[in-house]
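S.K.: Next come the chains, spelled out residue by residue.
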Amino acid sequence: MTTHRELDDMLGKGWRKPPFIRRAWLRYTILIGFAAYLVAAFLTIEVNWARVYEGLERGKQFILAFTSPDFTSRSGDIWDGMVESIIMTVAASVVGIAISIPIALGAARNVAPLPIYLACRSIIAVSRALQEIIVAILLVAIFGFGPLAGFLTLSFATIGFLSKLLAEDIESMDRVQAEAIKASGARWLQWINYGVQPQVMPRLIGLSMYRIDINFRESAILGLVGAGGIGATLNTAFDRYEYDTAAAILLLIIGIVMALEYLSGIIRARVQ
Amino acid sequence: MLRLEKLVKTYKTGDQALKAVDLVVPDGQVLALIGPSGAGKSTLIRCINRLVEPTSGKVYLGDTELTGLSSGALRRERRRMGMIFQEYALVERLTVMENVLSGRLGYVGFWRSFLRRYPQADVDEAFRLLDRVGLVHMADKRADELSGGQRQRVGICRALIQNPALLLVDEPTASLDPKTSRQIMRLICELCEERGLAAIINIHDVALAQMFVQRVIGLRFGAVEFDGPPEALTPDVLTTIYGEEDWEATIRKVEDDDSEIEAAE
Chain A
1 MTTHRELDDM LGKGWRKPPF IRRAWLRYTI LIGFAAYLVA AFLTIEVNWA
51 RVYEGLERGK QFILAFTSPD FTSRSGDIWD GMVESIIMTV AASVVGIAIS
101 IPIALGAARN VAPLPIYLAC RSIIAVSRAL QEIIVAILLV AIFGFGPLAG
151 FLTLSFATIG FLSKLLAEDI ESMDRVQAEA IKASGARWLQ WINYGVQPQV
201 MPRLIGLSMY RIDINFRESA ILGLVGAGGI GATLNTAFDR YEYDTAAAIL
251 LLIIGIVMAL EYLSGIIRAR VQ
Chain B
1 MLRLEKLVKT YKTGDQALKA VDLVVPDGQV LALIGPSGAG KSTLIRCINR
51 LVEPTSGKVY LGDTELTGLS SGALRRERRR MGMIFQEYAL VERLTVMENV
101 LSGRLGYVGF WRSFLRRYPQ ADVDEAFRLL DRVGLVHMAD KRADELSGGQ
151 RQRVGICRAL IQNPALLLVD EPTASLDPKT SRQIMRLICE LCEERGLAAI
201 INIHDVALAQ MFVQRVIGLR FGAVEFDGPP EALTPDVLTT IYGEEDWEAT
251 IRKVEDDDSE IEAAE
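For the protein sequence lines, the chains are A and B, in the order given. Position 237, counted from 1, in the first sequence is what UniProt numbering calls 237; the numbers after and before it change by one each time, with no gaps. Position 214, counted from 1, in the second sequence is what UniProt numbering calls 214; the numbers after and before it change by one each time, with no gaps.
I should point out that these hints are in silico values taken from the structure, not numbers from a laboratory. Values in this document were obtained by computation on a predicted structure and should not be read as measured data. Quick reminder that beta carbons are idealized off the backbone N, C-alpha and C, glycines included. Be careful, since some hints might not be right.
Unchecked claim - Rough simulated footprint, nothing fancy, chain A against chain B, three-plus residues with beta-carbon under 8 Å:
#1 15-29
#2 87-94
#3 97-106
#4 210-220
Unchecked claim - Partner residues aside, some chain A positions facing chain B, computed with beta carbon under 7 Å:
#5 Ile181
#6 Leu189
#7 Tyr194
#8 Gly226
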């Protein structure tokens, strides 16, 4: 009756979930080490409190500007910047998404053969490694100031974002549904159209909406390095210390992003 | 006629799923493949239409040898083999009609299928099949709105619209209740008889298999242990296939009393 003796030993002992790191000394070393590092890291931050005190006044002005945003005195510039940003966003999203879809198919291991998979994954890695601002600076250097550089930057960034996430969705799709289409003697493209596309469509639409949202916000940043859009107008307003105009622009951006968020919520609920 | 010669499948992990299986299925014969989980039943039928590539051996469908075919020729041969799946494997976000018509993908060009402009004959046949299984009123519903039994009937339509010579059926009743299971098995067997189709049906439920098929193959560790009529399945035979158990209750005669298939709802 060995089993019973084992059971008797266990009864009345209580039970705890086994710890993630089993060796106690290693567990506590990591915990204490992490805490020590955190404290040390905080101690290296140098704060010039006198400078902060001065800066508080400017911060206050900036925040107070939101109580009296000035939409009118630069309305022409704001309008032009907004239109440019929206054109950049729409064009870059359409082009970026269109290029992303074939790359995503190539970057999904269950759809593409190994050489194509590696090539597409490399494209994605490059696109993701280069931050938008860096790409924008490079493209502004090549194409000059203006929205063309912004449009190309956002298209490029969209590819890295959308292809990666879409490829991951394709890789986690239900294999059997796709297998059933293959078993009917479908060609490769038919297989994608019937077996894969319906499974990943909601994710593709959701990600696209999210990317449009990101592209619009990015277009406001890219203007700071000369790539056109509302960001250029915003930059000018800051340079002239026109905080009330800057506040107006920021409020518009917030409004549009919120509208996009609301819209994407509705669309995603519809396509489930 | 389907003929397997020394069919072997060894997975990359080293597991030998099939050990030189020889099998002949004459035209129009409905055959049940039984055996414990992991015996290689699923692998066997997937090796026939090469959803799983066999390691060695030959598969003849009529006069065509399948294992050596190029991908284009394989696609053409797959049209002659309809497949029915365990969890139905309908594309859930497509409509019932699209799922049925997807059985014609091997026959129509890409643009026709992409635009869902199928030849009238295919559309008529799809409606006829849906009517035969009592689901014609569901044609425009999305597949994930259907119940399990309804989905499997759509899966049957999808396989039949290929106009196949052979049905490969993988655990058609595994996720269905007992009554629906019988209805589905009866439907498959009736349709095979109507159309003179041969079928290989993987099935766990030995009693259900005995009720409907003409021949039973028992698979154990990737080899054929039993090949005979359903009446010959004795407790001794089941012990050689599955291992020691009390089999009397499993093979007792089950009365077949439920009514014809009714369209659910």
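S.K.: For each hint, tell me whether it holds in the structure or not.
M.R.: Here is what the structure says about each hint:
1. 15-29: With 0 residues in contact (Cβ-Cβ under 8 Å with chain A), the coverage given for the region 15-29 of chain B is violated.
2. 87-94: holds (count 7)
3. 97-106: holds (count 6)
4. 210-220: violated (count 0)
5. Ile181: For isoleucine 181 of chain A, the interface hint holds, since the closest Cβ of chain B sits about 6 Å away, which is under 7 Å.
6. Leu189: Since the shortest Cβ distance to chain B is 5 Å, the answer is holds.
7. Tyr194: holds (5 Å)
8. Gly226: Since the shortest Cβ distance to chain B is 43 Å, the answer is violated.
In terms of the numbered hints stated before, the structure departs from hints 1, 4 and 8, listed from lowest to highest.
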